[in-house]
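Asks: In case you want the letters, here they are:
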Amino acid sequence: MAMKWLALVAVVFTGALLIYGVSDFPDWGSADSPANGGIEGAGRSVSQTFIQETKPLTHVPNMVTAVLADYRGYDTMFETVVVFAAGMAIFAVLRVLKTVDGQHSRVIRDRSVDGDHQRIIVGTTCKILIPVIQMFALYVVAHGHHSPGGGFQGGVILGASFILLGLSDGMETAMERLSEGKFVAMAAIGVLIYAGIGLLSQFVGRDFLDYGALQPLLGTPDEGWARSHAMLGVEVGVTFTVTAIMFAIYVNLASKGELKGGL
Amino acid sequence: MVENFNIIILVLLVVTAVISLQVKDLLSASMIFGIYSFLICLLWAEMGAVDVAFTEAAVGAGVSAVFLIATVFNTKRKSSD
Amino acid sequence: MVDFIEIFVERVVHFIENVVQPHFNYWSYVVLMMIGLWGLIAKRNLIKKLIGLSIFQTAIILFYVSLGVKADATIPVFDYEAEKSKSAAVVLPAEPSEMGGKSDGKYKKIDPDHYANPLPHVLMLTAIVVGVATLGVALAVAQSIFKDFGTLEEHEILEKIKTGDYVKHD
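Residue numbers (my numbering), protein chains in the order written: chain P, 375 to 637; chain Z, -5 to 75; chain R, 16 to 185.
FYI, nobody ran anything at the bench for these hints, they're computed from the structure. All residues carry an ideal CB built from backbone N, CA and C; glycine is no exception. There may be inaccurate statements among the hints.
Said to hold, decoys possible - Partial list, computed: chain R residues near chain Z (C-beta under 8 Å):
1) Ser43
2) Lys63
3) Val80
4) Ala88
5) Thr89
6) Ile90
7) Ile143
So that you can see chain P by itself, here it is in the shape it has in the complex:
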């Protein structure tokens, strides 16, 4: 109990210090703040360069996608690796390879119409909804250049559609569609696609992840379109990894690493 009050005092003290510090910040929404407008005398902010140059240089109207996949390609690649590593860490922590008979495995419920009446409405609704969700996820990935969206969002939505299948129709059904071997391979392939596109531009003779070098391979009219197409490839790689890892985390958490039974 004393711990609670001590924590409260510490938190209030820290909060007061931070609020005091915040009073020196530029006004909220100001376009002249150092982050938005650069520092007077020291040059402009890098974000202004991004806003002005992404469209002419990469033909991608959505600046967030262009900066994510091209200008900060290294960053995004290693974020993808972090997601992959998190999935592998879940396997290391939770996955049970040998189950003691009868002790852990739950009774598999009868999922037929006669067995479980409550599942009919949920199951049928999800059966209709899941293909729509998956189509939308693919649209989000493919249309990330022109509207909000991209590999991370599309990957999460695609993974969520498989999670929904596992929730509504049982983990066994979901695992039939995307088995353990498949999603581990998928996660690795995603990272490999990303790094592969980077290496390809290195083999052509330019820097790692310098997509402009792929222009002769892709046969585009200029380097900007090559960068645009390579960005789509990179986003597809991100989608693979994120989809697989989201589903992997769900199946391990829901079944205590046994990959059967589940919620």
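Knowing the structure of chain P, use the given hints to seat chains Z and R on it.
Replies: Same frame as chain P, but now just chains Z and R:
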């Protein structure tokens, strides 16, 4: 108008954050945390960060709530504080 | 007396307009962050601690994104209509051969203040997805703690470590 919208959401955020930490039923805490994520997603959409709002709508309100519920399902639902 | 009240009201309005309004958002982020930190320290249930950690994280992401807000700006997606109608001097990237992957002076005419700052969005977008993956790892660790100790309460776990009443792995 937009400023009022901001203030309403920020107040609701503080309220949901406190409730999700104070409620003793962990399943309710997970659900209220989902509501918190959705409110934050609204705030980001209003700030013009559409990509971030999209990600948070998919991740915070959808997937992370499912992860929390899966863990609560496999452990204990009651919390001592 | 009336003068005093008038001066007082004037000062309060001045304070609200010049101090509260530009900083109210930042203050809320600090409050949210402190709620998360308090949950992380004071709550004894491990799931509650993780929820507190997530609140802490979202408060920081909120702060970061709000640095890129411009009051009169639109979303960071290139706005064809607005750029076309602005002036004929702005050359739109229409002809592929014109670009050649090089930027010359004329594209500098795109007004950066018209679009929100995309850089914080990029950084935080990846942070959210990585955040949920690490939350998954933390929940997995919590589950395996529950497997060995049979509880998720911090004080009970410490008690059981003292008495040696838990499943030991060789």
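Asks: Which of the listed hints are broken here?
Replies: none
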